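Student: The residues making up each chain are set out below.
Number of protein chains: 10
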Amino acid sequence: MTKLEMTEAIMAAKKSSGLSWEAISDKVGLGPVFLTSACLGMNSLKAEPAQKLCDLLGLDGDTALALQEFPNKQWEQIVPTDPLVYRLYEVVGVYGETIKAIVGEKFGDGIMSAIDFSLDIDKEENPAGDRVVITMNGKFLPYKSW
Amino acid sequence: MTKLEMTEAIMAAKKSSGLSWEAISDKVGLGPVFLTSACLGMNSLKAEPAQKLCDLLGLDGDTALALQEFPNKQWEQIVPTDPLVYRLYEVVGVYGETIKAIVGEKFGDGIMSAIDFSLDIDKEENPAGDRVVITMNGKFLPYKSW
Amino acid sequence: MTKLEMTEAIMAAKKSSGLSWEAISDKVGLGPVFLTSACLGMNSLKAEPAQKLCDLLGLDGDTALALQEFPNKQWEQIVPTDPLVYRLYEVVGVYGETIKAIVGEKFGDGIMSAIDFSLDIDKEENPAGDRVVITMNGKFLPYKSW
Amino acid sequence: MTKLEMTEAIMAAKKSSGLSWEAISDKVGLGPVFLTSACLGMNSLKAEPAQKLCDLLGLDGDTALALQEFPNKQWEQIVPTDPLVYRLYEVVGVYGETIKAIVGEKFGDGIMSAIDFSLDIDKEENPAGDRVVITMNGKFLPYKSW
Amino acid sequence: MTKLEMTEAIMAAKKSSGLSWEAISDKVGLGPVFLTSACLGMNSLKAEPAQKLCDLLGLDGDTALALQEFPNKQWEQIVPTDPLVYRLYEVVGVYGETIKAIVGEKFGDGIMSAIDFSLDIDKEENPAGDRVVITMNGKFLPYKSW
Amino acid sequence: MTKLEMTEAIMAAKKSSGLSWEAISDKVGLGPVFLTSACLGMNSLKAEPAQKLCDLLGLDGDTALALQEFPNKQWEQIVPTDPLVYRLYEVVGVYGETIKAIVGEKFGDGIMSAIDFSLDIDKEENPAGDRVVITMNGKFLPYKSW
Amino acid sequence: MTKLEMTEAIMAAKKSSGLSWEAISDKVGLGPVFLTSACLGMNSLKAEPAQKLCDLLGLDGDTALALQEFPNKQWEQIVPTDPLVYRLYEVVGVYGETIKAIVGEKFGDGIMSAIDFSLDIDKEENPAGDRVVITMNGKFLPYKSW
Amino acid sequence: MTKLEMTEAIMAAKKSSGLSWEAISDKVGLGPVFLTSACLGMNSLKAEPAQKLCDLLGLDGDTALALQEFPNKQWEQIVPTDPLVYRLYEVVGVYGETIKAIVGEKFGDGIMSAIDFSLDIDKEENPAGDRVVITMNGKFLPYKSW
Amino acid sequence: MTKLEMTEAIMAAKKSSGLSWEAISDKVGLGPVFLTSACLGMNSLKAEPAQKLCDLLGLDGDTALALQEFPNKQWEQIVPTDPLVYRLYEVVGVYGETIKAIVGEKFGDGIMSAIDFSLDIDKEENPAGDRVVITMNGKFLPYKSW
Amino acid sequence: MTKLEMTEAIMAAKKSSGLSWEAISDKVGLGPVFLTSACLGMNSLKAEPAQKLCDLLGLDGDTALALQEFPNKQWEQIVPTDPLVYRLYEVVGVYGETIKAIVGEKFGDGIMSAIDFSLDIDKEENPAGDRVVITMNGKFLPYKSW
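Protein chains in written order, with the numbering used here: chain A, 1 to 146; chain B, 1001 to 1146; chain C, 2001 to 2146; chain D, 3001 to 3146; chain E, 4001 to 4146; chain F, 5001 to 5146; chain G, 6001 to 6146; chain H, 7001 to 7146; chain I, 8001 to 8146; chain J, 9001 to 9146.
No lab work stands behind these hints, which were simulated from the structure alone.
The reader is advised that the hints may include incorrect statements.
Unchecked claim - Lysine-lysine pairs mimicking DSS-like chemistry, simulated, CA-CA at most 30 Å apart:
{"id": "1", "chain 1": "E", "residue 1": "Lys-4144", "chain 2": "D", "residue 2": "Lys-3123"}
{"id": "2", "chain 1": "J", "residue 1": "Lys-9144", "chain 2": "A", "residue 2": "Lys-144"}
{"id": "3", "chain 1": "J", "residue 1": "Lys-9106", "chain 2": "A", "residue 2": "Lys-46"}
{"id": "4", "chain 1": "F", "residue 1": "Lys-5027", "chain 2": "G", "residue 2": "Lys-6052"}
{"id": "5", "chain 1": "C", "residue 1": "Lys-2106", "chain 2": "D", "residue 2": "Lys-3014"}
{"id": "6", "chain 1": "A", "residue 1": "Lys-15", "chain 2": "B", "residue 2": "Lys-1144"}
{"id": "7", "chain 1": "J", "residue 1": "Lys-9014", "chain 2": "A", "residue 2": "Lys-144"}
{"id": "8", "chain 1": "C", "residue 1": "Lys-2144", "chain 2": "B", "residue 2": "Lys-1014"}
{"id": "9", "chain 1": "A", "residue 1": "Lys-14", "chain 2": "A", "residue 2": "Lys-106"}
{"id": "10", "chain 1": "B", "residue 1": "Lys-1144", "chain 2": "C", "residue 2": "Lys-2003"}
{"id": "11", "chain 1": "G", "residue 1": "Lys-6144", "chain 2": "E", "residue 2": "Lys-4015"}
To be verified - Simulated coverage check for chain H against chain I, where a stretch passes if three residues somewhere in it have a Cβ under 8 Å from a Cβ of chain I:
{"id": "12", "region": "7027-7036"}
{"id": "13", "region": "7041-7052"}
{"id": "14", "region": "7110-7124"}
{"id": "15", "region": "7134-7144"}
Predicted, not measured: the structure shown is a model, and the values here were computed from it.
Ideal placement from N, C-alpha and C gives every residue a C-beta, glycine not left out.
I would like the entire structure built from these sequences, with the hints used as guidance.
Tutor: See the structure below:
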């Protein structure tokens, strides 16, 4: 079973179950962003949560194994076209140099890890229109000399 | 005075002053990310903060006018190469589809605005290595039919 | 049922029905551009118009569900080659900077939303050759400081 | 005098004059979008409006001649990055196929000319936020057999 | 029946018939370039010639309908690699600016239409080697002010 | 003197002279397309016409030498953006495969040379709008086996 | 039978036969490079050698016909990645300008034809390591004025 | 002195001297292709031939030093546009897979080195038109297992 | 059997066997990196190790033959997106010019061969986090004059 | 002083000094690869080694400050063309998937850091030709769930 077939199987079972990503992740015991990314083939799960997920959605052991495989993280579009995803790309273009300047002053020369990293999505209710709040939290990795 | 010349003038004056972006933005009364982005030519300032910034750094009125001009937001590298900025691009590639799925479930069909938007950078102290926390806050804009 | 299969089903049923997009959209109660874009997989419909459309064209419930899913808006060609679509791309290239200048003067620093947005297509009869009139109407979104 | 030098001369003179593109175009007797595009080097003016513009802004005859030269319409960014211009590109991507379908039904097989063409920008006041209205008007050009 | 399936059906029937594009177009009453381009899916035919073509080659009504659909004119290779087609691309690169200069002097500021357009291919016999003569004939479209 | 400086010198002298490309080429004894392409740096001239051109326009010997140098034929834009030149690129995309099919039937397997080649531009007067006629004439080069 | 199917049929028959390209081409009476390129779909054969090849390898008449069709010479990778092919691309990049300079001095302004052209591959035995010798032989085509 | 300045100095001195690349290389004692490539900045010379070249052309010691520096071999155009150079690129595209097949049969799995490599250009006189003969000679490098 | 089918067969058999790449390569008598690369279709094996591998994993003779075929080394992504592979690409970008400078000083003008080459991967245990050690070992190939 | 000016100053001083990168780095007390990368603008130095380097080469305080600035790590060529650097890119393409497979088996799902990272270059003497040995040593960063 490829990661692609795994994702299709999970999506179909999820639709039948009527459960949201948040509900599923609560039951599996992982955050919804991480769990969703694993189901979409962009992260791997350990054996236990993989099994829990499959039990919850009535999926077989092949799916549980496919969830544990280490994914090749590939995307097709160098510049994403979906408006929601493009806006994130635009933020990187507009604010990338600024983020580098501020991180440099606060932490020194280095980067924010995208591996020792988490990302959360919250809803901030607001009478002028609700707001999406995305929080990225990555370990600062300083450049070292040798 | 072009935006590019403006940025060079500000960078030189800032280095002479010994002030950090945080210190400057505190005195000007704006957040450090927004203020820095305006100084780097990616946002415009209103007349009052532009003047305050120039007074603080000993810059002339041309710089204050240049800060008020509406910038053409352009970046050269379709895929950024600086490791700090690339990691953000990578996050968009790896988690873009996941963010779309979660936002869809929490808000409906729509996007997070990159215009009615703010971005903050914090330092989370951690004995295992400090962490960079980036918070994006954008208005949810639902697609409408017509 | 994927969006692609949905589009094929709708196109086949539309051809059998002999109805135009305008006639269909009149009966469904939506504008022809929005309705067509949803049928081509670039927008989602609410449950009611999705059902009306399927009733009108004799399509099953799966199609109605597929119409309600939130689409991934993707296009293949970075520069479109079809002459009709390329001319629109050319207009963006030739007049983009001009539109930015005029919108800046009329509204201040900001953009025209492509989400809180509608687009209409009209035919202007003209003895020297009929004319296509495309009207875009998008909310002005001002850049804000923070 | 190159088109680039011409644009710089006009921009400086316009800033000194304090006139808007609308005010200038009213006095010259052309629409503001066309006039602005000519000043930005994307269209040519006839001798009379070119002279009127230069008289109004106190520019010399070289500028008037440069305005009459036929421009090479070139843009650098295949995908524009400025958010205002990108949104227009996005509209072409999202609605291009739809526009082709509707134009096909209303007019037959052909295109909307981008040459025998005009574009206007209006402000629609709205308590929920003003709206940008862009109207494109191009001659329908039918494909012919031979 | 897609345009692709249509082209395959026509190519197979043409091979069986032993007829050349010139012979077919003579019988259908259209020029060989236009007719061939329609059969290759780059133009649409009116009902009558579509039917004539199908009668001539023994093709069914679906093919005749497919020939009448308005094609999406798409090509895969931004720079064509086939030597015959590349040479044409090279001519555009080498002589494009020259053609613009000469057309500008002969006609004023404008373009040659690629829609109100015909293209013919002739063989010029020559003892030093026969020559290909390609004649393009397109309506001059002047830029207009508004 | 580089080819670029040569072109600038010729353009300035041509503007002063008030002569058209056609008038200049008549006096030099070459076709206007070839001569213009040499002046724009895309072909080289023999010593005699180079000298004639310089005498006519009052240009010095360096210009005459520069005209005789063998040019590096380079263009910047893989897809040209100027509408006049883009339309030619579009013709190659839309009709390239068709031209290959017809040339194949008329001549056999081979190409039209872009080197042993000429290109002419004519004006066809027409009450419905004048027409641009571009004629390309290239030697057929058959593929040979070995 | 497409060219792709033809190549697969030939490759399978060649493997069964145990014959090398050199052995096959000797029997067919053509050079091994040309014959191989035709079998890989990059050149066409005349009827006689096509038939000989099919007789030799026990292939049917469809294959012989497919070998005679005029190929669309297309390659997928703009920059080839296979190390053997990339080295050839690298040679063009490193020595292209040099070759132009030397050919210019030896022949005048013009090109080496890639159509009236042959290419041979030899093995030069050498105790320090055998060497690959590639010889290209193309007609010089001078640019002509008109 | 950069490699670019070095090339300009050599080209100017060569033009003054009236010597051809062949004549220069004869006197320096290197092949014309290698010497020209070093002068164009794509190879380095040892001290002795560098000095000989500078003595011959009356160039100073800085030029001799610049000739000895190890060049960064960079080219701007991924697909070359000059017709002479493009034809070589085309040969790689059309015959690359064929060359790989023949080299594989003659030598085994490996490549032709582009470093332990030489390239020569000869003129083959021919009444039907002279021919350019390019000979590449590179060491075969077999892939090894480990 | 294509290389792709070969890889799939090997991956399935390897999973069933429960053997790691290291264990397999030990038994076959080759290094794990080279053996894995051959199984992934990026190198060829000699007959003996190919047979040993197939015996070990219970694969048929077709797989053994496919392993011996000379691969076309192709990759799809010009810039790799998987974070592990991208980091290697980043190292080339950040340190490429530095490596060239150091190799130049230590060895002279030349390159490190990627053909007469080996690559090994080791694990360096470290209480602060284990480390990946990648060692590349390639023959220095000096540029030669001719 | 920009990083570019800094690099030029260092390169000129280094050439005058006659010191190699190895000799300089020995005296400064850093490894040659890291030190060279900092001098080429791809890493920053701490104050002390920056001062030591400038003292050694007789450079002023501005250079020492420029060495301490945090660089924007940018490279121009998406695919490097210099043969030495390209070979490294080729290694990533040919062995990237293999490295991922082996690292996955040895360490689990994660990456080799390019930040907590060192790279060394050694010369391995060999009678069959000396060999370049490049050793990369990066911390393994495991993907974590959250």
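Student: None of the hints should be skipped; say for each whether it holds.
Tutor: Results of checking the hints against the structure:
{"no.": "1", "hint": "E:Lys-4144 / D:Lys-3123", "result": "24 Å, holds"}
{"no.": "2", "hint": "J:Lys-9144 / A:Lys-144", "result": "23 Å, holds"}
{"no.": "3", "hint": "J:Lys-9106 / A:Lys-46", "result": "16 Å, holds"}
{"no.": "4", "hint": "F:Lys-5027 / G:Lys-6052", "result": "59 Å, violated"}
{"no.": "5", "hint": "C:Lys-2106 / D:Lys-3014", "result": "16 Å, holds"}
{"no.": "6", "hint": "A:Lys-15 / B:Lys-1144", "result": "24 Å, holds"}
{"no.": "7", "hint": "J:Lys-9014 / A:Lys-144", "result": "24 Å, holds"}
{"no.": "8", "hint": "C:Lys-2144 / B:Lys-1014", "result": "24 Å, holds"}
{"no.": "9", "hint": "A:Lys-14 / A:Lys-106", "result": "43 Å, violated"}
{"no.": "10", "hint": "B:Lys-1144 / C:Lys-2003", "result": "19 Å, holds"}
{"no.": "11", "hint": "G:Lys-6144 / E:Lys-4015", "result": "39 Å, violated"}
{"no.": "12", "hint": "7027-7036", "result": "holds (count 4)"}
{"no.": "13", "hint": "7041-7052", "result": "holds (count 5)"}
{"no.": "14", "hint": "7110-7124", "result": "holds (count 7)"}
{"no.": "15", "hint": "7134-7144", "result": "holds (count 4)"}
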